[in-house]
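Enquirer: The residues making up each chain are set out below.
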Amino acid sequence: MFFRLVYESFRRQKRRKALAGVAITLGVAVATAMIAVATDVGDKMSRELRAYGANLLVTPQEDTLDLQIGGVDLKPPSDGTYLNEADLPKIRGTFWHHNIVGFSPMLPVNVNVSGRDVTLLGTYFSKKLSFGKEDFATGVQITHPWWKVKGAWPNDESQDVLIGESLATKLALKPGDQIQIRGQNHRVAGLLLTGAGEDNQIVAPLGLAQQILRKPGAVRRLYVSAMTKPEDALARRDPKTMNAELFDRWYCSPYVQSIAYQLQEAIPHSHAEQIRQVAQNEGTVLARIKGLMLLVTLAALLASALAVSAAMATAIFERRSEVGLMKALGGGNASIAALFFVEAMLLALIGGLIGFAGGAVLARQIGRSIFAAQITIDPVLLPVILALAVIVTFAGSALAIRRAVKFDPVYALRGEG
Amino acid sequence: MSPARRADAQHTSMFLRMLLRAAVLRRGRAASALLAMVVAAAAATAMLNLYVDVQAKLRKEFRNYGANVVVVGKDGETLPDSALEQVNAVLAGRGLAVPFAYVVARTSDGQSVVVSGTDFAQVRKLDSWWSVNSWPEEAQDALVGTRAAAVVSPQAKPFDLSFQGRTIHLDSAGTLSTGAAEDSRVYISLTDFENWTGVQPSTIEIAAAGSPEEVNAVIIRLAEALPAAEVRPVRQIMEGEARVLGKTRATLLASASLIILTAALCVLSTLMGWILDRRRDFAIMKALGASERLIGSFFAAEAGVLGAIGAIVGFLIGIGVAAWIGRVNFHAAVVPRFNVLPWVLIGSVAVALISAALPMSLLRRIQPAVILRGE
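Protein chains in written order, with the numbering used here: chain A, 1 to 417; chain B, 1 to 375.
Bound-form chain B, shown alone (with noise of 0.2 angstroms):
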């Protein structure tokens, strides 16, 4: 090893030496210090998170308004047998899609009501606000709405039903009430309702998952595989979901900025009072013929490094702050992003090293002597 290198390697060793005494000697200034910015780098990342899945979590809420897409035969028309399993091959399981037939029949005292067959199972999971006192479950049950109910069957009785001269026996089994068209609808399962009337379903509603993006492309593949009909978005639920997300996020966002403004204030205050604290051994360095770019690099190493250990610590709370506000807020865990890391990473370090320079900027202009007198 030549001269040189040696003296090199002795100059590293004495660099790492102070660094670590000083944070062994100094325990108690030096905890606080990184607390603040564990605090700082865990209230980032937490926030960051939250901000980055909250969008996913609320779409799941606002898939409860039901479809966002309608699949309708052209003219009226009934759709061709094999839409629903087109449709169900297009969204591959990212998604719910429900076949609706409409046909208007006639109660036994000559009355018109508007019957559907449907999938009583998937109604269920699609329309959940549907308020429905008991489900029908067998064959020849019918769910008859809070107004069809005072015309078809006034105390729950089992009625009959004719479209086109055939008749068919229903016992109601369950009332539903929306407070829209369903109200005025007899619905019955979709096997009794092609057994009786022999027409197909004119409509499917999907919930599609996903950002208007993904929807937009579930429609785009939905129109080409199935020529025959209409394919439309439902504007009311796609606007209102894009309109309230929008906003919620803007709000996230403006607060998760006063949060990490705040958590970066903290960072500086404790440092900057950490910095200053130790003018003496800034004195005795200087009075001992350090340059002033050695003790430089030495508090910028010693901010970094705090920085860094913060940041690494507090990303780790952080996920786990994230991770309870989903389970309290929206009973699902909120992934963690690892991607979020670097950026906590590099905002703390800087945060660290600013907090340095700020003091260290005062200290250059006062004279050793000066602060060794203890003024």
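This is chain A alone, in the form it adopts within the complex (with noise of 0.2 angstroms):
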């Protein structure tokens, strides 16, 4: 009897099930598409600020002084010691290597230009390297992302180069010009504009650099972008310090200090170090980000509660006259209740599987167009949400049903009230 109730209810009141179903389903599925953007708000945005370049720098270990001032080096060739090539690709084969967006060597010689001393930097432009199995390409337009080029970038394999722009009006160069480096022509494939030193400079393949330079696997400075955690208060302690429980905690959590600890482990004699600039701010500009996004959708999942609290009340009010007509039957307050919620759960349950694949529809659209990248839901939140729409339709039902069941029938069954 009381299944067929409950059925003979859905079957003959289509259009209020229908209500209290779209808005169940709307807010779960809001509920759903915010719940998944805020969760992955923080690694979206981890990649987005990548537009800042690398936080991380590797130097030789046991390097001399640099000698920069305005972007200018002034360090004599010969002095310091130097990273090789050959060791770059092993970043690849570190542990967090997923959260490693790209990489660059840098390596700067003086070479004079129609009687200038100017720096000649060395770099990777977008590099194909190879580790293990891996192909993968990096090199400063992954790690410098501000680097604007007039003409064309430079192939990594190829003698051609780039001319910082405030070097270019000096030299009155332009694109396909060329320029004689060291007795050699070389053909200007770009102007360069940066905003900073490079404008003032030559930038060339490492490979013609290392030519230059003679020293063949020559690196002076390594420039890392990684995605990394915000800093707390285990990532600043001391490695050293730690045990060995609190080490692997360290080592396997995505720090700016724990991957610099990799960096060295994977780069032989060398030093790696976080560019605070970029790494610090980091952080606090995700932080603020984050919590914005958190308390947003405490408010998105308040507005769909009450959504959903609403059209229950309203669903169930409208059926005064059924409860009127139950009780004059003799139906108990308790089974006519059990009747409501029952009704509730199956509607929240429907209305929540469908507005979990709504939801999980939303967030990916989200993730495309604002960030071109996939927002994907964890399976694991389905029996969370539909728990919480359950728990947000008896809530709301419950009210409205204690006045229903509270109602006198002979009013009820008279129209009034």
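One should not assume that every hint holds.
As the list claims (entries may be wrong) - Mimicking BS3-like on lysine-lysine, the simulated pairs with C-alpha atoms at most 27 angstroms apart in a straight line are:
#	chain 1	residue 1	chain 2	residue 2
1	B	Lys74	A	Lys148
2	B	Lys74	A	Lys75
3	A	Lys170	B	Lys74
4	B	Lys57	A	Lys229
5	A	Lys290	B	Lys125
6	A	Lys229	B	Lys60
7	B	Lys74	A	Lys150
Source of the hints: derived by calculation from the structure; they are not laboratory data.
Hints given; two lone chains; assemble the complex.
Expert: Structure (structure tokens):
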């Protein structure tokens, strides 16, 4: 009898059930999409923050002091030690290699062009490398995304160069011209605009700089761009003072410090340091954005909970005369309430399932249109969302059900109230 | 008063009385409809306020990345004496300007090291990421980069530096760590630096506040004020900021739309229930000879008043919510935007009217007799 009542109620009152069902579906869809976006926004923003460029700098361990003023390198090339270019692909073998977005080696060399002393910077533009079975491309196009080139990026295997824009004006060069460096002609592939010291430099493939310096495989500095977790108390601790368990936890968290530690392990005789300007601020900006999204998600959850409650309250309020009839026929308060609750639960489960699927699609759309990346929903979220939907639907119905069963059946049947 | 006018006035007063009685007699239902309105308007206000204000709030955070504009002397020349004053005049308090002077000096054992003279009080504000164990306070105090420290003063001992035959004796007040070129330098106060080397600043780093347009305007004005210098934007900082800000705003906009949509849905279902619930009033009015237009305008007026009251109360609550989010997340209150009010008002009334119109069109098709019989 009970199940027949429930079944008939769904069969005969399609409009009312549809209204409440739509409210639950939309509410759950919004809640699901917002939870998915909020949990993923840290990851996505972390990637966007890589627009600030490298957050780690690797230098040779026994290096002499840098003599850099305003982007001009005054250090004699004979000074100091170098990293070995052959070690660089090993970065792909570190524990957090998925978090390493890219890296670029740098090798400054002083050259004389048309009577001027200028710095020639050897680097990777978008160099194809391989580690194990994996092929990948890396270079300044990834680690220094604000570098703009008028003309074309040179090929990493070629002898072509980029000329900083200020320097190009002084030398009256434009893309396609030839420039003489150490007695050899090189084609100017493009002009480089960075807003920093490189505007007065020549930027060339790493191989060319090594050739000029006559040190094959030499790299002076290595910039690494990695996605990191904001620093906390554990991150700042010295790994030497940790016990084994704590060390494992530290080592397996993508802190900028632990990634630096792993880079030092991967590259022999190196010293890796976070670039504090980028690394430290990233944490604060990320924390602010995540905090904002968390609060906004709370607001969204509240709004959808209210929408669901309002729809349920309306749906039940409309059925007073039905309650009156049941009571007149001898139905107890408890069994009537149970009927409504079972109906509410069925609605919540159906609406919740459809809403979850809708929310997943919505989150994907948001991810694709804003971040050009997938926002995936953890299936673990489904039971949580369904439970939430049932709770909210119950909470929204409870008051209305209480009022409906308290109502005098005589008035209800006369249609008053 | 003419009979026609009197009838008209009576008509209006009857209309108002019906509105008022409807609200008073069905308090519970009216209150729940109003509550839905208030919540929706509050959510919309809070989200719009946040959306407008979050840009300014995040920009402030982004200024922690340091200078977004650099002024350097052309071809490595030093800047004219009055450069810093001129920069500060152009900024007019909307930013921070810090001078830097550089030379390459020699340590007592002949090693080269870059020494920079600057204004410590200002640098501290501009480059907040500098990790410094103690800032220099007295004359002849130096801030030594971690890598430079290993060369010039291993145990933080006092040390000598010489430049073009002139020697300065410095105390190592603290060490500096940034992970970049600063680690290889020694920083001293600009006064000490100028007395020792006689070299003027060659670089002014500027953190200009405001939107990209405002920063570009500052760059143009600086270039006009200082023809002898090169003024350039730090593209790393400006482009990163633009990108992250754009994405954040887009995410917030998507979230705001979803929340406002849900809130509107909440209003729709409550108000529809409210009107449907009163189909007996509707039938009685119709049976007593009221025209459909009159009944329509009656329900529309009710919904409109409800929407307007809900919008105003919700607006006030929404501003409170936005301010609270600002305080919790950005440690600065979100400034209330009163220009959001008309939009919230129009939106609320429109949603209320739509919610009333839908059930009305449904009721219009039904005979009053059927409703009054209770079917």
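Enquirer: Would you mind marking each hint as holding or not holding in the structure?
Expert: Results for each hint:
Restraint check: the Cα-Cα separation between Lys74(B) and Lys148(A) comes to about 22 angstroms, which is no more than 27 angstroms; the hinted pair holds. Between Lys74(B) and Lys75(A) the CA atoms are separated by roughly 22 angstroms; this keeps the pair inside 27 angstroms, and the hint holds. At most 27 angstroms may separate the alpha-carbon atoms for a hinted pair to count; Lys170(A) and Lys74(B) meet this at roughly 11 angstroms. As the CA atoms of Lys57(B) and Lys229(A) are separated by approximately 22 angstroms, the hinted pair is consistent with the 27 angstroms bound.
Between Lys290(A) and Lys125(B) the alpha-carbon distance is near 25 angstroms, which keeps this suggested pair within the 27 angstroms criterion. A hinted pair counts as satisfied when its Cα atoms are at most 27 angstroms apart, and Lys229(A) with Lys60(B) qualifies at roughly 22 angstroms. Taking the CA atoms of Lys74(B) and Lys150(A), the gap is near 23 angstroms; set against the 27 angstroms cutoff, the hint holds.
In summary, the structure agrees with every hint in the numbered list given earlier.
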